[in-house]
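K.L.:
What follows is each chain in one-letter form.
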Amino acid sequence: MNFDNSHEAKEGANEKGTPLGVLYLGICERERTYWQTILLSSPKLGLDVHVDQLQSLPQATTMAESICRALRDGALEGEHAPALTIKDSIDAPLGFDVFAHVLAQLSSHILAGKSQSRGLVLVAFTRSPSFYVDLLKERGLEVNSSRKWIQILDCYSDPHGWKDRIMGQGKVDDATKEASGVSRLCKDVKDMDKLCSLAIELGKDLLGEGKGRFSFALDSVNEMLRYASVHSVARVLSDLRSHDLASCVFWLLHSDLLEDKVAAVFDYMSSMVASLESAIPASNGLRISLENLSLTEQNFRRAKFSVRFKRRNGRVRLMSEEVSIERSGITFSSVSTDGGTMGGSLLPKVQFNLQLSEKEQMDRAKVVLPFEHQGNGEPIEIYDGRRSLADKNNEAAGTMQMKDSSKGEIIYLRDSDDEMPDSDEDPDDDLDI
Amino acid sequence: MATPRTRASSFSRNVPSTAAPQVPGVKSGPNGTLFLSSGISDLDKILGGGFPLGSLVVVMEDPEAPHHMLLLRNFMSQGLVLNQPLLYASPAKDPRGFLGTLPSPVSSKDDKPLDRDSEQEKGLRIAWQYKKYFGENQPNSNSQRDNKFEFCNEFDLRKPLQRQFLSGQRVECMSTQDSSDLAALHDRCATFLKQFFRTDGNISGAGRIAIQSFCAPQCTYFDKEWHVLSFIRSLRSMIRSSNAVVILSFPPSLLSPSFSKRLQHMADTLLSVRAIPDEDKDLAKLLTGYQDMIGLLSVHKVARINTQVPIILEAATFSIKLQKRKFLVLECLNQAPVDGSSGTSYATSGSCSVSSKGGSLDF
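Just so you know, the sequences run in chain order A and B. Okay, so the first sequence: first residue is 29 according to the working numbering, each after it adds one. Okay, so the second sequence: first residue is 82 according to the working numbering, each after it adds one.
It is worth saying that the hints were derived from the structure and are not from the lab. Please note that the accuracy of each hint is not assured.
Said to hold, decoys possible - Interface residues of chain A toward chain B, partial, derived using beta-carbon atoms under 10 Å:
{"id": "1", "residue": "V264"}
{"id": "2", "residue": "S270"}
{"id": "3", "residue": "R343"}
Note that the coordinates shown come from a computational prediction; the quantities given were computed from them, not determined experimentally. Where is the CB? At the ideal position from N, CA and C, for every residue including glycine.
Construct the entire structure; sequences and hints are all you get.
P.N.:
As structure tokens, then:
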């Protein structure tokens, strides 16, 4: 994850002289938000502070809604855009459905004007633009409305430019009329830098003259990795995230097609990781029997959906839900979370607190220690064989006797009753060096 | 243990070194080592004085939390405040932007977090019957505090560093994104370290190098693991013969395990930061101060260059907290008071596992 901010420090913004105006300049992604959460309690500084949105989540919403909300709210000034990875595997192959759901949600927010981004650039590798247009139309989202809000970078129809070379001047893609209006063909997907700049160009095109930001959706990172190396794909993603005008980025990933190291790269680069796992515990993966078959069939309809949010204060929030695909669409339902199981494994042996709090220190200061009264300048009282202190001790003994005599005739004379009441029984006590 | 002697030093912890080092910001320690401060006074204490000059400090990042940035920032600010030149390399296209986030030191007028250690030493009350013969023999740690100010400052994370520290030739920045075989970074480090070549005489100045997110995935050298290792090896050899400290952070989960292990072995001081789960009820029950914690710091290795005696730490994991939302402090993990009913949650990792049963055999 690129924690650094590639933005130039904007010098002019802090002319007001508030030293803390400098805070918002050239600040790294999460650093800025550290300071935001810190500054929440200082309104006198006169700065406009954004509340950490994830903090104010009502608990009743599902996780999917919270993801979509995070994408909708987008990036703060001087920060990298939030990035979502949707991960699935063969055991829970519902990744594309979740991706389509998030896409549709974000699109509806964009159309309704509720989101920070005013447009969406979809980089399509696994499906044609017409497929997406139909998908969005099914959910009531018109692609060719009056305002341009979506652009599709078509890396599916002719990724290497072969069709173009073969057919010459003829029509390359068989996109429908609707789709061709919003899609742009990319003929050389191996050049990731070019792809990135093309995507950004499409985004700027969406904005037109106005201000605002736009979002990116990448259909499948696995496809990108077929054409280019890990670091170029990672570069594309970090460039998209760190672009000034990017509002949010999200992508789909099939984790079992990648090595662990590579999958870790995409976890590193995202701020939210949504993974789909099989809802049914895998018993014996290879044997397919009649019972297993019906269970594995269920994997095509249900899955466990868990999300790790990397919060701005550096903590990680884990949430878990169940997702199921019905004929009517996709639904998310919450399960009882057994959160916190990772906590215990993190910690080593934990000690008890040996420090003192303020109150405890004050209390400790009040305690009178046994020999303390001796060094205070008062005459040092040492028993030296004379019963000069006998009066005092007799008094003490007397009260003891008094108490005892009421009950019976137990007279107790301490062997060492000539000692001072609160000194140790130290035979060296009479030493006077 | 309390032998009656007239020397005050039997009770004092840090014997102040008689030879004051010529250079501010460099402290001398046992065995002739010289230390630079990490910028976090708690970390200096844990490591036994600071980062030794000529050592490589490696911080293992957690992909889920940016706490390594806090360590880097304090390190860099400390160097700039003490006028020590700094070279900063990061995978961003424009690393200079990061300099805007460096914290500024707290001036003495502002309230500082209490120096807990000296408080306790001053207030150490001994109930000792021979005390009356010797009067008050208190270790005087006041002079040490003044020295410490020149070595390690408290940083206020809310305030950015003043511009005067950032200007001038003191700070060099470099982007590591495009270097395909790290040659450029290597050359830059070599020229930077030439200024601090170590001779037998007095040291003239000390320098700091901070390399952030080494092996970030967007860098071109990301896959070339052997190049990475040979770079680190030659960096180590360069730094051994110079008066500087290099701090380097890398994400271990992105390297293959064997290379990650090799890189960790090359470190003189190895730290790692970890994220903690949010709103975790078990952790909240287990630890005190869970609400203030933002992460965990573990110390895996402490540099011991001039000696064969290792440092054995009482605790290797510390919690990172922001005190008063300004100051970075590291604290030992403290277990929350356990009530009798819930003693089972962590009992298995304690010394005796029988206690987890409880039941009818409560003694």
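K.L.:
Now, for every hint given, state plainly whether the structure supports it.
P.N.:
We went through each hint and held it up to the structure:
| no. | hint | verdict |
| --- | --- | --- |
| 1 | V264 | holds, 9 Å |
| 2 | S270 | holds, 8 Å |
| 3 | R343 | holds, 4 Å |
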